[in-house]
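Q: Here are the chains, one letter per residue:
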Amino acid sequence: MKDIIKIAWRNLWRNKRRTLITASSIFFALFFAIFMRSFQLGTYGYMIEQSIESYTGYLQIQNPDYFDDPTIDNSFNISDEMIDRVKNHENIKAVAPRVETFALASTGTNSKGVMVSGIDPVAEAEVSNPEHRVVKYRFTEEAIKQLKNDNALPPEINKKIETFKYNSYSSTAKIELDLDFENSDAEKYIPVIEKYCRFESNYLSPNDDGVLIADRLSRYLKISVGDSLILMGQGYHGVSAAGIYPVRGIIKMASPDLDNKIIYMSLPQINNFLGLNNQITSMVINLRDKDEMFETQNELKKIIGNDKYVVKNWEEISPTLKQQIQSDNVSGQVFIFILYVIVFFGIFGTVIMMVAERKREFGVMVAIGMKRKKLSMILSAEMLFLSILGVLAGIIVTIPVLLYGHYYPLELTGNMARMMEDMGFDPIMPLALFEPYFFMQILIVFIMIILACLVPVRSIQKLDAIKAIHA
Amino acid sequence: MSVIEIKNLVKIYNGSAVQVTAVNGVDLTIEEGEFTAIVGPSGSGKTTLLNMIGGLDSPTSGTIVVDNTDLSTLNKKQLVDYRLHNIGFVFQAYNLIPVLTAKENVSFIMELQGTKKDILTQRTKNILENVGLGDRLNSRPNQLSGGQQQRVAVARALASKPKFVIADEPTANLDSKSTENLLDIMEELNRKENITFIFSTHDQRVVKKARRVIVLEDGKIVKDERRK
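Order-wise, the sequence lines are chains A and B. If you count by my numbering, then the first sequence holds residues 86 to 556, one letter each, in order. If you count by my numbering, then the second sequence holds residues 179 to 406, one letter each, in order.
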């Protein structure tokens, strides 16, 4: 074995330039594959985190019939003792009860079908934190007119603000981004904008009798804070549900779909509205370690221990998001596959060349008594060393890049950043750390090397020593 | 005592258009310790005959018996073992392993045989000293002259303690001084250690040194001369 390793290692350096070029191609393939995959998975993870944590939650406890027939009649009562048992699980970060139903919202002149979500404002702050998304600033027509009259902003900024007419903001950071402010601009102009665009909008109190309305829905219904909203629908067991509610605040939802349809009200208020007796439609759960979701789901099933409730995960609740990620994932994998195919043929060409130019040498070795199997092992060992060189270099360079990109995510700018902000996400793209994908890429490189060796090894097994010596 | 017994050996190559009879009914016995040169014009069948004796090629008909073993009864793997333990090869173009030093090229064959390390080290040193390369043990082939490389090739051929050494045109790439030197070394090894050498050659200097000269023409032995 020692002589095989010795010959293989020295053979590797017979043509230093070729060895370095081939090892570099393995290095670059590994680096780009890991980097791309890390980008993809990091972004998916972030999107899931943002979108799941902003509303759905990682897990939900529901009535078994609610998933197929999500009506208020399939609501359920859950005891405090059961909630405590769930909360005591080590991976549970927060739980919040919810009642979800649909109703017709009307402001007199406009009406629309909406989703009404009854929440415990305090518990919900720990799960989806809607308070964080309460709108604080709006570029209303009146605000824009006042800004122009004040002349405190340069005309080009006023012009830009015009393009964002009716936009709502829950923080000044998004305003700075939309208006392309530098730090010095922000210090100068944000106080002026705050002066005219500040919007009085509040979060719900635990027994609040008002509602929070989603930003786009509020614009559709032409309703603002302090106005009244009429809700009509069907309550528990078919009773009619109707009520008039003051708007306490406007909320900007991460998902455009929810931003067009959701209205929040407190649990006591929705109980009154629907004629419920403290039932809920779901208990929303956020987790500490998202990677343990499936294990936690199974453990919660055991903790609950009866068939009055079911535990669903976000993939079951939001199959569309799952499918979107899956389809994007496939396109990324196809790209990496193409990259690997190109590199494979590079490696394959190198091996073929190595065999072709040493055919006479192989012939001599066989003639003097070296078994073909041992010769094949020398060639395979050379390729193994070559791939170890490329893979090691890839790992050494990739690890710091991944660590940096994970802890200091790429910050997007321009339209891309705006798009992310509009969807309610921070405009960043983090890299995923060392998940199984990382080791999978390394494994793929070694599989490629094995495949590339198959043809040359076969040709060695069939080697005709006389022809080879006279080649 | 005979080392090789060849009876009615025939080798026919079937080309796309014509059939070529490279060896045509050769009967030959090589005795232990012979220093034999096989000569003849190009295409007379010298190399084909040596390839068949060396187990690298198989005859169309006839038998080659080496030390009571009929080579035609051996399969591919057994032939590799046969070559490893019975034959030393010296090629026209030296054909040393370029990444190994002179010492490693010689010991490599013993490693394949599974020789113990201490024996292997000592024997490698002795053989290389015998061929006059005791001071070039750690030189790689590209650091040696053609003559030196061929001497390493001879040392490699002897390393496995073969029953005989086949040398196919061993001096064809060497200048006269190197040729003289190489022949002296091989002759001395033959005389002192009774090693059997079989050469194919065009080189008259080799023919002069040989104690048996076999002349081949059109695949047949036309002359078999023994000298004192």
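To be clear, the hints were calculated from the coordinates, so they are not data collected in a lab. Wrong hints could be hidden among the right ones.
Covered, in the sense of this in silico footprint (three residues per stretch, anywhere, with C-beta under 8 Å from a C-beta of chain A), are these stretches of chain B [what the hints assert, rightly or not]: (1) 229 to 236; (2) 275 to 281; (3) 284 to 292; (4) 356 to 363.
Straight line, CA to CA, 25 Å or less: simulated DMTMM-like cross-link-like pairs of lysine to aspartate or glutamate [stated by the list, open to error]: (5) A/K456 to B/E209; (6) A/K91 to B/D235; (7) A/K87 to B/D235; (8) A/K547 to B/E209; (9) A/K552 to B/D296.
All residues carry an ideal CB built from backbone N, CA and C; glycine is no exception.
Q: Check each numbered hint from earlier against the structure, then list the numbers of those it violates in ascending order.
A: When the structure is compared with the hints, numbers 4, 5, 6, 7, 8, 9 turn out to be violated.
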